[in-house]
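*Asks:* Sequence:
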Amino acid sequence: MDPAALAQLAQQATNILIPALSALCIAGKPAVDKGKEVLVDLIYEKAFEKLGSESGKRAQALLDKISPIMSSSLKKALTKVLRNSDDPKANEELQQEILKLLVENPGLVREIEPIVINFNVENIDQLALGNYNNFFNFKTPSGDELIKIIEYLDQRRKEAANQEILNRYNPSTLPYYPEKLKLFVTENRSEELRKALTYLENHRILLISGVGGVGKSTLARALVDLRPVNVPEPFWFDFNQNQSAKLGDILEKLASYLKAPEIASFKDERREPGKFDIDKLTGEFQRRSEVWLIFDDLSTILEDQHFADNGIELLFSSLRHNTHNAKVIVTSRTLPILENGEKLIDVVENEDKQDLKGLNKDFAVDYLISNGLDEVEPEKLEELAIGVDGHPLALKLLVELVTEFGVKDTLEDLSMYQESKDDTIKKARKLFDKLAGEEKELLERISVYRGHVGLEGLKEMFTENTPKNAVKKLIDKSLLETDHNGNYWLHPLVQEFSYEDLKNKKESHMLAVKYYLPLPLPENPTKKEDLQPAIEAHYHSCEAGEYDLAAHIILHSKLHIYLDIWGDYTILITLYRQLLPPDPLNDEILLSKEMRSFVFGDLGLTYMQLGYVKRAIEYYEQALKISREIGDRRGEGNHLGNLGNAYSDLGEPRKAIEYYEQALKISKEIGDRRNEGNWLGNLGNAYSHLGEPRKVIEYYEQALKISREIGDRRGEGNHLGNLGLAYSDLGEPRKAIEYYEQALKISREIGDRRGEGADLGNLGLAYSDLGEPRKAIEYYEQALKISREIGDRRGEGNHLGNLGLAYSDLGEPRKAIEYYEQALKISREIGDRRGEGADLGNLGLAYSDLGEPRKAIEYYEQALKISREISDRRGEGNRLGNLGLAYSYLGEPRKAIEFLKQSLAIGKAIEDPRIISFCEQKLKELDGIEGNENANYYPAPNNSPDSRCPPTSKNILQTIISKLKSKK
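Heads up, the sequence shown is in this note's numbering, so the first residue is 43 and it goes up one at a time.
Hints may contain errors.
Listed below are the simulated EDC-like cross-link pairs for lysine to aspartate or glutamate, each with C-alpha atoms no more than 20 Å apart in a straight line [unchecked claim]:
1. K545 - E481
2. K107 - E153
3. K472 - E454
4. K737 - E703
Quick list of simulated restraints, FRET-style, between CB atoms [unchecked claim]:
5. N367 - R830: 22 to 28 Å
6. E233 - K656: 52 to 58 Å
7. D851 - P623: 55 to 61 Å
It is worth saying that the hints were derived from the structure and are not from the lab.
Note that beta-carbon positions come from the ideal geometry of N, C-alpha and C, so glycine has one too.
Make a model of the complete structure from these sequences and hints.
*Replies:* Right under this line is the structure:
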């Protein structure tokens, strides 16, 4: 603290102590005569109370802080004041001794500051715990007092016992908030801050609304410094800087902020986020103590007060209705309305919405005086303040206008605006137009930038007419913002004004492309922000109508590959949709045919990852058509293969085979060995779905041979694992283990964690087939651990299901049910229909083991329905066999035989020896019982066909997608 401030603090402390010391009398005698300990002895509390509770407590608190380190000279000074508090010389001596003590003990300064400024320490401590109402049960604090409160709270935060909670979060990037702006807000918005904090104590969502430039964001930023000490630095999301943001973007940032990666699990599960993910988020908020979320400039993404994005609307609807401990602060020019007509907050007589107005007249005048207009006559200052309705941005512009053009000229302009009955924004617009002057051209050109930009970005927009000192002048005029650390940006309202007037928008956007394209990208990017220069270059290319260039930027910067790896599918779709008209399948497209084929094909891949298979097929078909028109054979093969993948996902393996065979033919004709191996592997997968293991092995062996010849280690591991699955299906688990172990070795050598988990899971299945459930459990648990570590939800579900099977084999059906239910929950969450059917079938087996055949039948019927819907022949055969077994338990042999015969027919058709063996055995046992319903029949112990969760096959269908992308 500077000497002048220390002297002021000593003066304030002296002023508190003198009346208190004069009151310290006992039986009419100065307290000092009762002994030296009077200064700290609590027996004199009643003497303090004579001054009133607040003054007495402040004096007592001050003495409590001073007495432990009191010097002998300070004691003498206090004694003199005690004997005669009216002696000015004694009072001056006391002040000097206190000043000396403060200089020698800097730590004491921080301790007594909250006491000597005009607020109640107990109330401030209540504020530190979040009790805003008690804090404000005294007069409204001044701006200086609020600054002191903020500093006090900062100190308390550092000392807070709940430091562990504070350390759990990654801080969000808060807006630039210089000391001068902080002082301005706390001096002029103390009443608004009081209302906001009081409201937040009992409400979940605070909406700060008002016209552009009125200071909504700044008020929200000021609230951050007044939050309770146990609340970590708030999450801040600026929609103006993230106008293309989707629900997934926000959830991902929140997951990082909360250090809760499970909130962003939708990325690894390759699906679009939805209510389930939002419920996980609010559940996390419910488990934690209070967290603040600030969503700035929400109106940027609203259309006529309604949300343009359904996902973001769902987020805010859930934040409004779900139970949680978060406090949500929203700034917006308008009150957001949900799809059902409900408002984001309930507005009762306008009490629940903080509609921010301009500064009141006195504050506005003070602002003008403190910013250089102190020599202007008071009545003129009042006219200026009233003329712009106290609008903060307009006041900033007024200061510069008066400085440049004089008071008279500026007032004449305001008078003219008043006569034309312009609203506040129009007045601000006209003031802006006049102030911009010869720098207006530069201001218009830099308005194309969406966020912070470096000095070189500004210089890119210079013309031969740009003044050399244009940047400095714009900063001086408060038209260009800077953090003085190389970052520049425009106030949103200034940006709006400037962009509206920009005549040649295409030229400026292309200059922005020129600025962003050379900016270096990290060699190994790990997040979207690392690729932001490429994303900005793409955006400006689209705004300039240069769509082919924008598509090339995606390709050459590998945006499509990295965003796919990170699971940022909605962002990738947004980038592609910016290249296309609203109805891309019917409207005219301005892309070249080559680029159109690439964009359609990659859009198909991305929609596939999100589970929109039918939409993906539409794009694949368009891409295929274009590839054939332009004679792109490699592209034609890729699109045919991807159509095969789509139909395989739809449960139509025969249709998938048709496409794979066409793709394979093209790969052979053009000598594309890698894709030849991929299509052979996918053909093997398709025939596996059809239950033709011998044919499956032929294709896998051909694919394995090619992978080894071209040195494709990952492909080699995939094909080895799939060969193991094929031999497992043929009832040869020991041979399967040989292949799984080779595959596991490769996965570990190349660091393929997902593959390693799949291989471990498959080894567990093989040992289960060999009747070694304990050993199987060891492998399943290793596989489950890996799946959870890497966020592989599908793998997690498979391994949970297989653990259930192992415990079932050990005779623990209730424990098995626990695992099956966990697996079923995951299958449904990620839309895995095949897995869902397997989990339902396994639950049926468990309830059958518990002697509850009716309940088992319910699960089998649900599983059978799914198997038929997705053309899963093996699953259909298993469920029919299990239904036969269940009805035999119930003593209904006719029905049992009917289901077993259907199961046997499927088993023979797909050459599944286990289904065939099981059905023939059970039918033999039932022979002679059919037609004699009264015969006693006791079925053998449960040896039903294998209905376990599907093996964790490292499916080529997924690997091929990334391979094809890198080929384009």
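*Asks:* It remains to establish, for every hint, whether it holds in the given structure.
*Replies:* Hints, verified against the model:
Annotation: proposed proximity of K545 to E481 holds, straight-line Cα distance about 15 Å (limit 20 Å). Restraint check: the Cα-Cα separation between K107 and E153 comes to about 7 Å, which is no more than 20 Å; the hinted pair holds. Among the hinted pairs, K472 with E454 is consistent with the structure: their alpha-carbon atoms are about 13 Å apart, no more than 20 Å. Restraint check for K737 and E703: satisfied, since their Cα atoms lie roughly 14 Å apart, inside the 20 Å limit.
For the pair N367 and R830, the supplied restraint of 22 to 28 Å holds, since their beta-carbon distance comes to about 26 Å. Taken as a hint, the range 52 to 58 Å holds for the pair E233 and K656, whose Cβ atoms sit roughly 57 Å apart. Here the CB-CB span from D851 to P623 is close to 58 Å, well matched to the stated 55 to 61 Å.
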